[in-house]
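Asks: Chain by chain, the residues run as shown.
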Amino acid sequence: MESALLIHRIHFAFTATFHYLFPQLTMGLALLIVILKTIALRRRDAVYDQAARFWAKIFGINFVLGVVTGIPMEFQFGTNWSIFSKFAGGVIGQTLAMEGMFAFFLESAFLGLFLFGEKRLSPRAHWLSAVAVFVGSWLSGYFIIATDAFMQYPVGYYKAADGSLQLASFWQFVLNRWALWQYAHNMSGAAITGCFIMSAVGAFYLLSHKSVEYGRIFVKTGVIVGCIFSILQIFPTGDKQGKMVTDYQPTTLAAMEGLFHGQTAAPLVILGQPNDAQQKIDNPLEVPGVLSMLTYRRWNAHVQGLDAFPKEDWPQNIPLLYYSYHIMVGLGTLFIAIMGFSLLMLWRGVLFKAKWMLWVLMLSAPFPYIANTAGWLTAELGRQPWLVYGLMRTADGYSKAVSAGNGMFTLLGFMGMYMVLGILGLFLLWREIEHGPEEAEFAHGLSGPTEAHE
Amino acid sequence: MTIGSLWFWIVGVMVTVYVVLDGFDLGAGVIYLLAAKTDDERRRILRAIGPVWDGNEVWLLAAGGTLYFAFPQLYASSFSGFYLPLMMVLWLLMLRAIGIEFRAHLRVSVWQQFFDAVFAVSSILLCIFFGAALGNVVRGVPLDASGYFFEPLWTNFKLGMQTGILDWYTILIGILALVTLTAHGSHYIALKTDQDLGRRARGIALLCWPLQFFMTCITLVATYFVRPEVMANYEHHKIGLLVPILVFSTLGVMLWATPKEKEKEKTAFIASSLYITGMLVGAAFALYPVVLPARDHQYDLTIANTAAGQHGLEVGLIWWTLAAILATAYFVFVYRMFRGKVQAGEGHY
Chain F
1 MESALLIHRI
11 HFAFTATFHY
21 LFPQLTMGLA
31 LLIVILKTIA
41 LRRRDAVYDQ
51 AARFWAKIFG
61 INFVLGVVTG
71 IPMEFQFGTN
81 WSIFSKFAGG
91 VIGQTLAMEG
101 MFAFFLESAF
111 LGLFLFGEKR
121 LSPRAHWLSA
131 VAVFVGSWLS
141 GYFIIATDAF
151 MQYPVGYYKA
161 ADGSLQLASF
171 WQFVLNRWAL
181 WQYAHNMSGA
191 AITGCFIMSA
201 VGAFYLLSHK
211 SVEYGRIFVK
221 TGVIVGCIFS
231 ILQIFPTGDK
241 QGKMVTDYQP
251 TTLAAMEGLF
261 HGQTAAPLVI
271 LGQPNDAQQK
281 IDNPLEVPGV
291 LSMLTYRRWN
301 AHVQGLDAFP
311 KEDWPQNIPL
321 LYYSYHIMVG
331 LGTLFIAIMG
341 FSLLMLWRGV
351 LFKAKWMLWV
361 LMLSAPFPYI
371 ANTAGWLTAE
381 LGRQPWLVYG
391 LMRTADGYSK
401 AVSAGNGMFT
411 LLGFMGMYMV
421 LGILGLFLLW
431 REIEHGPEEA
441 EFAHGLSGPT
451 EAHE
Chain D
1 MTIGSLWFWI
11 VGVMVTVYVV
21 LDGFDLGAGV
31 IYLLAAKTDD
41 ERRRILRAIG
51 PVWDGNEVWL
61 LAAGGTLYFA
71 FPQLYASSFS
81 GFYLPLMMVL
91 WLLMLRAIGI
101 EFRAHLRVSV
111 WQQFFDAVFA
121 VSSILLCIFF
131 GAALGNVVRG
141 VPLDASGYFF
151 EPLWTNFKLG
161 MQTGILDWYT
171 ILIGILALVT
181 LTAHGSHYIA
191 LKTDQDLGRR
201 ARGIALLCWP
211 LQFFMTCITL
221 VATYFVRPEV
231 MANYEHHKIG
241 LLVPILVFST
251 LGVMLWATPK
261 EKEKEKTAFI
271 ASSLYITGML
281 VGAAFALYPV
291 VLPARDHQYD
301 LTIANTAAGQ
311 HGLEVGLIWW
321 TLAAILATAY
331 FVFVYRMFRG
341 KVQAGEGHY
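Here the protein sequences come in this chain order: F and D. So the first sequence is numbered by the working numbering: it starts at 1 and just counts up by one. So the second sequence is numbered by the working numbering: it starts at 1 and just counts up by one.
It should be emphasised that the hints constitute simulated quantities derived from the structure, not laboratory data. What you were told as hints is all true, and nothing was included just to trick you.
Pairwise CB distance ranges (calculated): (1) F:His435 - D:Leu211: 44 to 52 Å; (2) F:Phe427 - D:Lys37: 23 to 31 Å; (3) F:Ile336 - D:Pro152: 49 to 57 Å; (4) D:Asn305 - F:Pro236: 45 to 53 Å; (5) D:Pro152 - F:Thr264: 58 to 66 Å.
What you are looking at is a predicted structure, and each value in this text was computed from that prediction instead of being measured. Glycine included, C-beta positions come from ideal geometry on N, C-alpha and C.
Here chain D stands alone, though its shape is the one from the complex:
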């Protein structure tokens, strides 16, 4: 394995950690207005994610930074090519942060309703955008000989050489992401809260299950239809079979654990996290060693033609390892400090 491949998997793991961690607070935002009816319940959801959501979001920045460091050409091409949706993601992230944080500073009912809506709507849209982004990476983008591309938000919603960000396939992945993260967030809120709120969150998770199962099957078939090449790695390396096994067994565990009244919230949440991990690792496994497929395959961006210089990548391995150990330690510490169900009247939110 070359050092470039190592960095491919490091970035892949970081993106996965981001989706698993920020995924549950995004999902909490999706169900925020549905699950929490009273001000107290809303504040308990905010308290459940309050001390950690910012740290979770840092994984996006750290993954983006690491992607830039390891694959400058990929960062340059994809960020300028996905210009419009990325900017919209930025605006949504801003609005969402304000929705979460400023609610506590402005305890006026009218404005709290406003912040609540901002938090929920931005969370929903972000889930769909992130899913569509993944869809774009799997489907391929209109790269040309220059190594750059620019995608409009949509063209004709069909798969062709001049695709937009949104077409039927990427919208499908967007819906899968929304359903998955809604369930993920519901499992987290069920784990972190009790009483009516916890019960409602579990109810939503239960409702999500058939949808999630259905969408998983549909998108797997659709992906094969859109890009048959995704099967190549699976055919050559049998270890890839672990991915569908993981995905479907975690779905099974979720179905088993979610309706249980007590003690199984953690199992369901872990299963949901592993499901997300399986789906994303599966996508990365299918792409490897391509990092951004082109609609015209001769222009594919690969590890080899996007990676930074050898010396830089080697040096990076030293500091990255050190930083990753430290970051893991902080996260374990913070999550332990705020473990257990959130109580009424505790904390800032």
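The following block holds chain F by itself, in its conformation from the complex:
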């Protein structure tokens, strides 16, 4: 691969991957905070209000990191992928501008009110500000997914005389069927992150015998909501997403399943290592016929392998795509097991006493991050070698004006900067968790000096 191309790809992949660690928790927690605030409002329960205040602090730190790592994303289309930006800007400029105009304004305006305005607002108005932050963050997600969906499955465009893509139908583009399912799948994934983090923090409090009252609320809320979304993640959203890949990106499907050769009654590979050179799976553990069933709903359907497509249209990094996909699916299955079992124990009234299960919940915290990251890797590596599927190759889209040397300079800069951000973020989040929910200041300083922490 040409070195400038490689640098620009790593540049975007690195900054996007790091960035998405934060919005997934932002979007997940926004929903959970609305749930806590709703319960507080309806039951007039001060404990739930305090619980929401605690999560608002976590949310605040996480939000800042999401914002500062998100701004570069909007810039990088132009800075590092200018040829692509010019090519597709007539279409995807719509959703990227709408994200700023509709979502970011809503989110930022009401976040200030939500975090700092509790004593200036009535309880209902404060609840409303939490809802506005939730709507803003989930709206933002949609515009980004719609942009990505266009790159995966371009619709609603026409090709102008100068070769660039221009908008033909706004609604066809914005309501891209690919976007609708990908959005549902992605948001469910974000909710899972929020739920696992909430139940992990709750489990930590229960195991360490402090803030027990809050620990129970966190575990309970995280497990109930988490169970719902873990199921939605696989069915229907994941299933529909897979079906779309089958229909519109058959090459991708073959690569992510590690299916080098097409066959009838295609097996589902559970474990095994793709062997690029010999075009086979090493040490395969397979279930016969299942892939045919999942993709075409018939046990003996024929599934096209990579051999059905010209090699220049194959995703370049088949092993990484294969592993990303398998890790995502494997963890998704594990989430149902963990949340399903926890819910069962919660219902039987034994969860809070079952130390081992609390340990499982606590130690599961990193898994949704891995699963969400693997999911995005699957989507974006699977799209290769295309930047806009079938219309522009990745190799043709980067900024020719920006040399590999300049690209590497800023890539290293981002790596250094993000290392600092990551360490600082983890440190501050840990401090908030350690201080515990009781100390989350009432209305941020209403009841006295904010130095109460020290």
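Guided by the hints, dock chain D onto chain F, whose structure is given.
Replies: For chain D alone, kept in the frame of chain F given last:
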């Protein structure tokens, strides 16, 4: 007027709103270490901008997004051409956000000093960078037939065909921006705080005035020298004369209102906002219909050769109007909620 021209002015207005709004919190950062001596005073400055700075910064994103939507070729050329300074702006924006937000989460004196310095230094550098960016757009960049360019940070600091981001002219505009936003931020802090802090902020604003007046005159002359073409629109459309009238009358109002002890902080702040508006609208007026001049004029990027397709621009007008009304409503609401002087011990920061 074509729909492309309409979008030119929409983006122009959004950039202006960004500079007016984020300008005062950037300026607050510039004077942060000078005006605020104690921890309480520093926290009052942070509280004065805390609930709004993030929303203000969104105007940059929204303006950038709208620029991308309306003029994809301009976005592609300018963002890749200004690659290095843009990336540095991103890093500075990151550092600044951390300086403002994480100070409150880590109440340890040593680290607070660190966050304070990060906030102040990044604010100062951002003012200079934004000014230099404007200078680049007015001066013109080394675009070629491909429609792209790449500017190093500096070459020989002279105006030639192979310019860098920084040369004597863009540095001059950078200093003008720093002075202007320092004054702007001082007016805002004088408006939002009282006691010693408010008095010191007003003192800084007063000190800035002669500098701002001097730099305004110098840069106007320098701009004429660097790009005489800027006068063309002013010669053809007499309405352009409103720009210098606005600029100098707002300077006059600032000079009159700033030393007044009471009640005039708002007048001074509004005058400062209108001054910024006048300068930026004046620049846009001079450029129109060029959106990014090339050093070699045959390669100028104009509204006509950078705009997106007609249908997309028409559809955009519908949703943009709706979103702009909503955004204005949020801003009015939020600023009303946090109106008045900030009190000690109130709020998060």
